[in-house]
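Novice: What follows is the residue order along each chain.
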Amino acid sequence: RKEVEQDPGPFNVPEGATVAFNCTYSNSASQSFFWYRQDCRKEPKLLMSVYSSGNEDGRFTAQLNRASQYISLLIRDSKLSDSATYLCVVPRGGGGGGNKLTFGTGTQLKVEL
Amino acid sequence: GAVVSQHPSWVICKSGTSVKIECRSLDFQATTMFWYRQFPKQSLMLMATSNEGSKATYEQGVEKDKFLINHASLTLSTLTVTSAHPEDSSFYICSARGQGQGLYLGADTQYFGPGTRLTVL
Numbered sequence: 003r004k005e006v007e008q009d010p011g012p013f014n015v016p017e018g019a020t021v022a023f024n025c026t027y028s029n030s031a032s033q034s035f036f037w038y039r040q041d042c043r044k045e046p047k048l049l050m051s052v053y054s055s056g057n058e059d060g061r062f063t064a065q066l067n068r069a070s071q072y073i074s075l076l077i078r079d080s081k082l083s084d085s086a087t088y089l090c091v092v093p094r095g096g097g098g099g100g101n102k103l104t105f106g107t108g109t110q111l112k113v114e115l
Numbered sequence: 039g040a041v042v043s044q045h046p047s048w049v050i051c052k053s054g055t056s057v058k059i060e061c062r063s064l065d066f067q068a069t070t071m072f073w074y075r076q077f078p079k080q081s082l083m084l085m086a087t088s089n090e091g092s093k094a095t096y097e098q099g100v101e102k103d104k105f106l107i108n109h110a111s112l113t114l115s116t117l118t119v120t121s122a123h124p125e126d127s128s129f130y131i132c133s134a135r136g137q138g139q140g141l142y143l144g145a146d147t148q149y150f151g152p153g154t155r156l157t158v159l
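Chains A and B, in that order, give the protein sequences.
Reading the first sequence from the start, the letters are residues 3 to 115 in my numbering.
Reading the second sequence from the start, the letters are residues 39 to 159 in my numbering.
No wet-lab data here; the hints were simulated from the structure.
Positions of the beta carbon are idealized from the N, C-alpha and C atoms, including for glycine.
Any given hint could be a false lead.
[Stated by the list, open to error] Here are the simulated distance ranges between beta carbons:
hint : chain 1 : residue 1 : chain 2 : residue 2 : range
1    : B       : ASN89     : A       : PRO16     : 44 to 54 Å
2    : A       : LYS81     : B       : THR55     : 24 to 34 Å
3    : B       : ASN108    : A       : CYS42     : 27 to 37 Å
4    : A       : SER30     : B       : THR120    : 18 to 28 Å
5    : B       : PRO46     : A       : ASN14     : 27 to 37 Å
6    : B       : THR157    : A       : ASN14     : 28 to 38 Å
7    : A       : PRO10     : B       : THR120    : 30 to 40 Å
8    : B       : TRP48     : A       : ASN67     : 36 to 46 Å
[To be verified] Over the 12 Å line for every Cβ pair with chain B, so calculated as not near, a few chain A residues:
hint : residue
9    : PHE13
10   : PRO16
11   : THR26
12   : GLY56
13   : THR63
14   : ASN67
15   : GLU114
Make the full structure from the sequences, and use the hints.
Specialist: Here it is, written out as structure tokens:
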């Protein structure tokens, strides 16, 4: 299994739809996880951190399944402005901070009218 | 808070020249800075980790003599691409991790600069 694996997409969805992305990781000792958003030719920006079973922030929900070693990102009521690449990020170390980050290749989302 | 700047935002140079990229943390002290490279349609790949006042540690396969990193202060790290060649053309992004007054920075959270797009002719 790759360190971090994502479906590259693209996911083309209509505005208002609900869309979910999955990400699998190989390091069972990982304690924290991140979803970053990257717009074309821009730097990644932190979207959500996940430290326990999940996290919710407005239209965005991240869930963690440690037994199966995957995290998901759910976007409800998609907006045109949500179009971007979503990067799943996992610290390399076992947790506790100070770790390097491993980035997935990203899942591209295109929200259409 | 937690703003990271990079300069220049883009640069075009001739093959064989050296290019210096600066990364600054504007409102917090960056005890650790990271340098990444991203080729088109690929993920970010960590090149090196630099801690203030010490030598950078490079990832496997990254030539330390070609990519010189200096982290002289808690707010500034520089990456110099020496004798650049067309295959070095890429998007170089720095990130910073550290502590700042009034900010909570999770233990593994990194904040990214806007990136520098390097094109070597």
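Novice: Has the hinted range 28 to 38 Å been met by the Cβ atoms of B/THR157 and A/ASN14?
Specialist: At roughly 31 Å between Cβ atoms, A/ASN14 and B/THR157 fall inside 28 to 38 Å, so the hint holds.
Novice: Cβ-Cβ distance between A/LYS81 and B/THR55: within 24 to 34 Å?
Specialist: violated, 43 Å
Novice: Hey, does A/THR26 actually stay past 12 Å from chain B on C-beta?
Specialist: holds, 15 Å
Novice: Hint says 30 to 40 Å; check whether the CB-CB distance for A/PRO10 and B/THR120 agrees.
Specialist: holds, 33 Å
Novice: Return holds or violated for the Cβ distance of B/PRO46 and A/ASN14 against the range 27 to 37 Å.
Specialist: holds, 35 Å
Novice: Between B/TRP48 and A/ASN67, does the beta-carbon spacing fit 36 to 46 Å?
Specialist: Given about 41 Å between the Cβ atoms, the range holds.
Novice: Using Cβ atoms and 12 Å as the threshold, tell me whether A/ASN67 really stays out of contact range of chain B.
Specialist: Holds, since 20 Å exceeds 12 Å.
Novice: The hint says 27 to 37 Å between B/ASN108 and A/CYS42; measuring C-beta to C-beta, is that right?
Specialist: Between B/ASN108 and A/CYS42, where Cβ atoms are some 31 Å apart, the hint holds.
Novice: Going by Cβ atoms, does A/PHE13 stay more than 12 Å from chain B at every point?
Specialist: A/PHE13 clear of chain B: closest Cβ-Cβ about 16 Å, beyond 12 Å.
Novice: Does A/PRO16 clear chain B by more than 12 Å, comparing its Cβ with all Cβ atoms of that chain?
Specialist: It holds; A/PRO16 is separated from chain B by about 25 Å at its closest Cβ, greater than 12 Å.
Novice: Is the Cβ of A/THR63 farther than 12 Å from every Cβ of chain B?
Specialist: holds, 19 Å
Novice: Is it true that A/SER30 and B/THR120 lie within 18 to 28 Å of each other by Cβ?
Specialist: violated, 40 Å
In this structure, the hints that do not hold are numbers 2 and 4, in rising order.
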